[in-house]
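Visitor: If you want the building blocks of each chain, they are given just below.
There are 2 protein chains.
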Amino acid sequence: MDHAVVMAGGSGTRFWPESRAHRSKQFLDLTGGGPMIRETLLRLFPVVPPERVWVVAGRKDASHLPPGALGIPKSNILLEPEGRNTAPAVAYAAACIARRDPGAVVLAAPADHAIGDLRKFRAVIRKGLRLARDTGRFVTLGIPPGHPSTGYGYIERGRPFPGSVKGAFEVARFTEKPDLATARRFLRTGRFDWNSGLFLFRADTFADRLRRFLPEVDRGFRSVFRGDRKGFGRRLRDAYRRMPAVSVDYGILEKEKGILVLPADVGWSDLGTWHSLHEFLGGAGGNVTFGDVILEECRGCLVRTDAGVVAVLGMDAVVVVRSGDAVLVCPRSRSEEVKRMVEEVRRRFPALA
Amino acid sequence: MDHAVVMAGGSGTRFWPESRAHRSKQFLDLTGGGPMIRETLLRLFPVVPPERVWVVAGRKDASHLPPGALGIPKSNILLEPEGRNTAPAVAYAAACIARRDPGAVVLAAPADHAIGDLRKFRAVIRKGLRLARDTGRFVTLGIPPGHPSTGYGYIERGRPFPGSVKGAFEVARFTEKPDLATARRFLRTGRFDWNSGLFLFRADTFADRLRRFLPEVDRGFRSVFRGDRKGFGRRLRDAYRRMPAVSVDYGILEKEKGILVLPADVGWSDLGTWHSLHEFLGGAGGNVTFGDVILEECRGCLVRTDAGVVAVLGMDAVVVVRSGDAVLVCPRSRSEEVKRMVEEVRRRFPALA
Numbered sequence: 125m126d127h128a129v130v131m132a133g134g135s136g137t138r139f140w141p142e143s144r145a146h147r148s149k150q151f152l153d154l155t156g157g158g159p160m161i162r163e164t165l166l167r168l169f170p171v172v173p174p175e176r177v178w179v180v181a182g183r184k185d186a187s188h189l190p191p192g193a194l195g196i197p198k199s200n201i202l203l204e205p206e207g208r209n210t211a212p213a214v215a216y217a218a219a220c221i222a223r224r225d226p227g228a229v230v231l232a233a234p235a236d237h238a239i240g241d242l243r244k245f246r247a248v249i250r251k252g253l254r255l256a257r258d259t260g261r262f263v264t265l266g267i268p269p270g271h272p273s274t275g276y277g278y279i280e281r282g283r284p285f286p287g288s289v290k291g292a293f294e295v296a297r298f299t300e301k302p303d304l305a306t307a308r309r310f311l312r313t314g315r316f317d318w319n320s321g322l323f324l325f326r327a328d329t330f331a332d333r334l335r336r337f338l339p340e341v342d343r344g345f346r347s348v349f350r351g352d353r354k355g356f357g358r359r360l361r362d363a364y365r366r367m368p369a370v371s372v373d374y375g376i377l378e379k380e381k382g383i384l385v386l387p388a389d390v391g392w393s394d395l396g397t398w399h400s401l402h403e404f405l406g407g408a409g410g411n412v413t414f415g416d417v418i419l420e421e422c423r424g425c426l427v428r429t430d431a432g433v434v435a436v437l438g439m440d441a442v443v444v445v446r447s448g449d450a451v452l453v454c455p456r457s458r459s460e461e462v463k464r465m466v467e468e469v470r471r472r473f474p475a476l477a
Numbered sequence: 125m126d127h128a129v130v131m132a133g134g135s136g137t138r139f140w141p142e143s144r145a146h147r148s149k150q151f152l153d154l155t156g157g158g159p160m161i162r163e164t165l166l167r168l169f170p171v172v173p174p175e176r177v178w179v180v181a182g183r184k185d186a187s188h189l190p191p192g193a194l195g196i197p198k199s200n201i202l203l204e205p206e207g208r209n210t211a212p213a214v215a216y217a218a219a220c221i222a223r224r225d226p227g228a229v230v231l232a233a234p235a236d237h238a239i240g241d242l243r244k245f246r247a248v249i250r251k252g253l254r255l256a257r258d259t260g261r262f263v264t265l266g267i268p269p270g271h272p273s274t275g276y277g278y279i280e281r282g283r284p285f286p287g288s289v290k291g292a293f294e295v296a297r298f299t300e301k302p303d304l305a306t307a308r309r310f311l312r313t314g315r316f317d318w319n320s321g322l323f324l325f326r327a328d329t330f331a332d333r334l335r336r337f338l339p340e341v342d343r344g345f346r347s348v349f350r351g352d353r354k355g356f357g358r359r360l361r362d363a364y365r366r367m368p369a370v371s372v373d374y375g376i377l378e379k380e381k382g383i384l385v386l387p388a389d390v391g392w393s394d395l396g397t398w399h400s401l402h403e404f405l406g407g408a409g410g411n412v413t414f415g416d417v418i419l420e421e422c423r424g425c426l427v428r429t430d431a432g433v434v435a436v437l438g439m440d441a442v443v444v445v446r447s448g449d450a451v452l453v454c455p456r457s458r459s460e461e462v463k464r465m466v467e468e469v470r471r472r473f474p475a476l477a
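Sequence lines, in order, name chains B and E. Take the first sequence: its position 85, counted from the start at 1, is 209 in the working numbering, and no numbers get skipped. Take the second sequence: its position 24, counted from the start at 1, is 148 in the working numbering, and no numbers get skipped.
Looking at chain B on its own, in the form it has when it is part of the complex (with noise of 0.2 Å):
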């Protein structure tokens, strides 16, 4: 049967002051759409249905996942006492999904990104899980690269692979971020997708691969799942405690051979930054506002508020962000470095970081 794994452990400082260190993106509201992460889910229920789709979250944001409003039973829920990077995250979606469904096959997709175009999302994810349940090999879905971004990674399409599923490519290779030059280099050749974060395997290749590729973490799992129920909170954060950090990416694909790479045309963003946000919901010379918000002779603004009003008056491409107690103002094209920026805020006001 198909599964899906919703990625939530992440924890990013790009959107402050809207994300905070105990609000992280996934649990935020930046389309307009409701929470990142419950759109997330909502986007793949047509696909697979809620009783097999598992989220992996920290511990810590247990209080952003009440189950009734995500839709799925509370057993799919599935709390890390610590972050430990994607392997970790997955390798326990998977044990859970093989102890109930050894023959599934897995989507395994981040919380945190954004699909335009949910009709051609659906029919990729359909053919994806296909590919991968007939082949038994990992299949990444590669975004068609609108620009020569150094943000991502890059994953080069080799020879195509014949089958009954169309337009699947064997991969030649994965890449890092690329410098700007290097961006421009793999564009021009035409034959690099970026990599979407989203991925699918059948159980069975990935129980075997974790065995091979990252054997303490595949030996932590073994661990926690041998015993009884009573002891399973306390095996589980044993376990994490000894677990490696590691990605998926870097501990298993990055191994694999094999891996085909389906190219996935569905208005993907990984909503990095605000810039990014303004550009996924209309960009260029627009306006993009939420909350009550007056503006004046702007062009390209992101403007954001929580409460009261923010007014903006003569600015071109600028982010400005209300909220709670905090306010935000950059250029659009530094939103970037509001990382940077939330470091200091850290140092000398904590409490708003």
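I should point out that these hints are in silico values taken from the structure, not numbers from a laboratory. Check the hints yourself; a few may be wrong.
[Unchecked claim] Partial pick of chain B residues on the chain E-facing surface, computed with a CB cut under 7 Å:
#: 1; residue: Ile-418
#: 2; residue: Leu-419
#: 3; residue: Val-434
#: 4; residue: Val-436
If you're wondering where the values come from, they're calculated on a predicted model, not measured in any experiment. The C-beta atom is built at its ideal place from N, Cα and C for all residues, glycine as well.
Given chain B, put chain E in place with the hints provided.
Guide: Coordinates of chain E only, in the frame set by chain B:
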């Protein structure tokens, strides 16, 4: 004896969001030295002792005028039932002063201006008081114009005025706010000063001119001060209801002959906008902050907050002000237009205007 009248009846909108319908500029702490009205009074006390300093303000602002905090007797705080511009305000104070001290000489000063050089300011006030006493003429303070401002009235100097007080001139004429070309021409002649709004007069001269130039105002106050103490408040309300709204400049000074001007190079600023506040406090490429503010790679910014934190990254010459539930962002060069923006705030969010 010397007296001073501080005119605190104004209600501006250009310091929104700090200034609001019920919190006028003169009650704000714009420079960090306390509420402007208090700074204005403290600046006068070395020249005119507190028991001879008067404040005229609106009844609606009574809560901003705790007598103890201002340092003047309660009976020197005159509350107007409604605002009628400066001529009735000064006439009200002049009538009170003349009843106590018929030979009084009076300095009238706005409550919401800033002075950079207190030593020079005191010296020129002393000269002005002596000049007004000796000559019986109105004396205005003229500010050496720093740039061809279109925001101020100008005073053209005529012939030097002979006498024991050095440096005074006959006023050739008052002008309204000029356009830029005219302002430039004024500066080139070297004969024009900005009209500071500070002026001095003998109480008997003022009473005479009020009778001649503004008989309605004169009659109004006669009716107020005629009769017993008990009915004073009611008579004052009645008189103000019928009183014309008129400024001293328009109603008296522009009709008066023989006015003198004393050039006053005292670091004066009317603090008319956020921009002029920035200029007064340090100006140019420097940043001016107030409250918990984090700036990174900013130049020439004015950033203020009364709560929480405001973080600004990579901005040049902008104003960012958070006050209560409102935030303003605009280029410093457009802070004149805040006035217009507040009208929009008033329409859409009346509680925040």
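Visitor: Give a verdict on every hint.
Guide: Okay, the hints, checked on the actual structure:
1. At its closest, the beta carbon of Ile-418 (chain B) sits 5 Å from a beta carbon of chain E; the interface hint therefore holds under the 7 Å criterion.
2. For Leu-419 (chain B), the interface hint is violated, since its Cβ never comes within 7 Å of a Cβ in chain E; the closest pair sits about 10 Å apart.
3. Using the Cβ-Cβ criterion of 7 Å, the hint placing Val-434 (chain B) at the interface with chain E is satisfied: the shortest such distance is roughly 4 Å.
4. With its C-beta approaching chain E no nearer than about 5 Å, Val-436 (chain B) sits inside the 7 Å limit, and its interface hint holds.
In summary, the structure is inconsistent with hint 2 from the numbered list given earlier, while agreeing with all the others.
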